[in-house]
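K.L.:
Put together the whole structure using the sequences plus the hints.
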Amino acid sequence: MTPMPLPPEFLPVPGSRIRVTRAWPVPDKDRLGIECEQDGQRRAGFYDHAGAQLQPVGIDRRLPGLEPVASSGTVVSHRPGKRAVVRDGTSYIKVVRPGRAAAILEGIRRAGAFTASFRTPEVLAQDDSTVTFAALQGTSLHDPSQFTAAHWRRAWTEVLDAWVHAVLPAQPAVITPPGGDRGPAAEPVIPQHTAQDEAEVLRRWARLVTPYLDRSEPLERLAQEVAAQLQQLPEAPVRPAHRDLHDKQLLWSPQAGPGLLDVDTACRADAALDLGNLRAHAHLRALQGGWGPQEAQTVITAVDAAASRLEVPARPLAVYERGAILRLGCVYAVRPGSGKVAAQLREVAAQPGFR
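Counting along the sequence shown from 1, when you hit position 198 you're at 466 in our numbering, and nothing is skipped either side.
Treat the hints loosely; a few may be bogus.
With a straight-line cut-off of 30 angstroms between C-alpha atoms, the simulated DSBU-like cross-links for lysine-lysine are [unchecked claim]:
no.	residue 1	residue 2
1	K350	K297
2	K516	K608
3	K608	K350
4	K350	K516
5	K608	K297
Since the hints were derived computationally from the structure, they do not count as laboratory data.
P.N.:
What follows is the structure in structure tokens.
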């Protein structure tokens with residue numbers, strides 16, 4: 269059976285061509301959602317056997333709140349039908365489907381444990397489909413070329429130190445968004461993300477991308493193997509967790525210290541969840557060529573030091589890392605220009621003597 273078509277790295281548009289920056293499988297549909305870069309903005313659409321169907325910049329039928337804010341700002345991220353981010357001066361506006369903004373605000377309330385040791389974006393305004401955040405001072409830890417070697421080590425040491433302090437057993441603070449009740453607030457209900465939950469995330473990604481891969485690749489079988497390892501892990505103490513912790517979520521400034529983005533995914537989980545994800549992303553960035561071996565090792569060393577401080581056993585850390593590597597090998601499998609890196613990640617996850 270022939271694999272489903274993947275979008276090319278560049279798509280033709282009248283008088284030019286635009287680069288496809290990201291792609292996502294659409295559940296229950298034989299198509300991909302795509303994001304393209306055009307004239308400094310992000311333009312979304314879909315791709316299937318018939319080719320690309322692009323929406324105008326700042327337009328999305330399922331995100332009616334996007335057009336009004338995009339008209340005066342710059343669309344910097346757009347997953348069609350799901351969410352978008354618009355930069356407007358010194359603020360960022362996250363746009364979701366009508367009625368979904370409340371979930372972002374509730375997620376921020378759940379992230380109180382991180383606010384004592386990390387700077388997080390201030391919520392400036394909200395309605396039922398948008399949340400406006402102030403820009404956060406600092407340099408993204410995605411690009412080591414913006415740091416000296418000494419500052420790269422210091423930044424990651426301080427970030428992991430802040431993370432350790434955040435996840436130590438403590439009663440989380442509660443953030444009250446503007447317009448909310450500023451009187452005595454009940455502690456938010458913080459969901460737990462278990463190893464079983466992580467196993468299902470991995471299985472889901474494998475199911476979604478399998479149609480786009482060579483049928484000879486046993487991806488779903490490998491995903492089941494790693495999922496079984498996750499499910500067989502012994503019960504561990506649960507701590508505050510970001511749940512999507514990686515370099516692009518982290519900022520650092522020598523004056524202001526660590527900053528943390530997108531905290532609305534906050535939950536409670538085994539500490540190995542966040543730490544394994546950080547290790548997996550260090551492997552990813554090295555394969556992509558953005559990080560040199562020494563820069564990746566600096567991050568891994570800082571992660572392992574944090575694991576040691578929290579007495580996270582080696583086995584759960586390795587299993588969560590393996591799961592994250594395989595998941596990233598699925599996520600990047602459908603992104604134009606990333607097929608080779610994605611295949612390398614899946615090969616790493618398939619190694620019998622992984623870590």
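K.L.:
Would you mind marking each hint as holding or not holding in the structure?
P.N.:
The hints, checked one at a time:
{"no.": "1", "hint": "K350 / K297", "result": "15 angstroms, holds"}
{"no.": "2", "hint": "K516 / K608", "result": "21 angstroms, holds"}
{"no.": "3", "hint": "K608 / K350", "result": "27 angstroms, holds"}
{"no.": "4", "hint": "K350 / K516", "result": "20 angstroms, holds"}
{"no.": "5", "hint": "K608 / K297", "result": "25 angstroms, holds"}
Checked against the numbered hints above, the structure breaks none of them.
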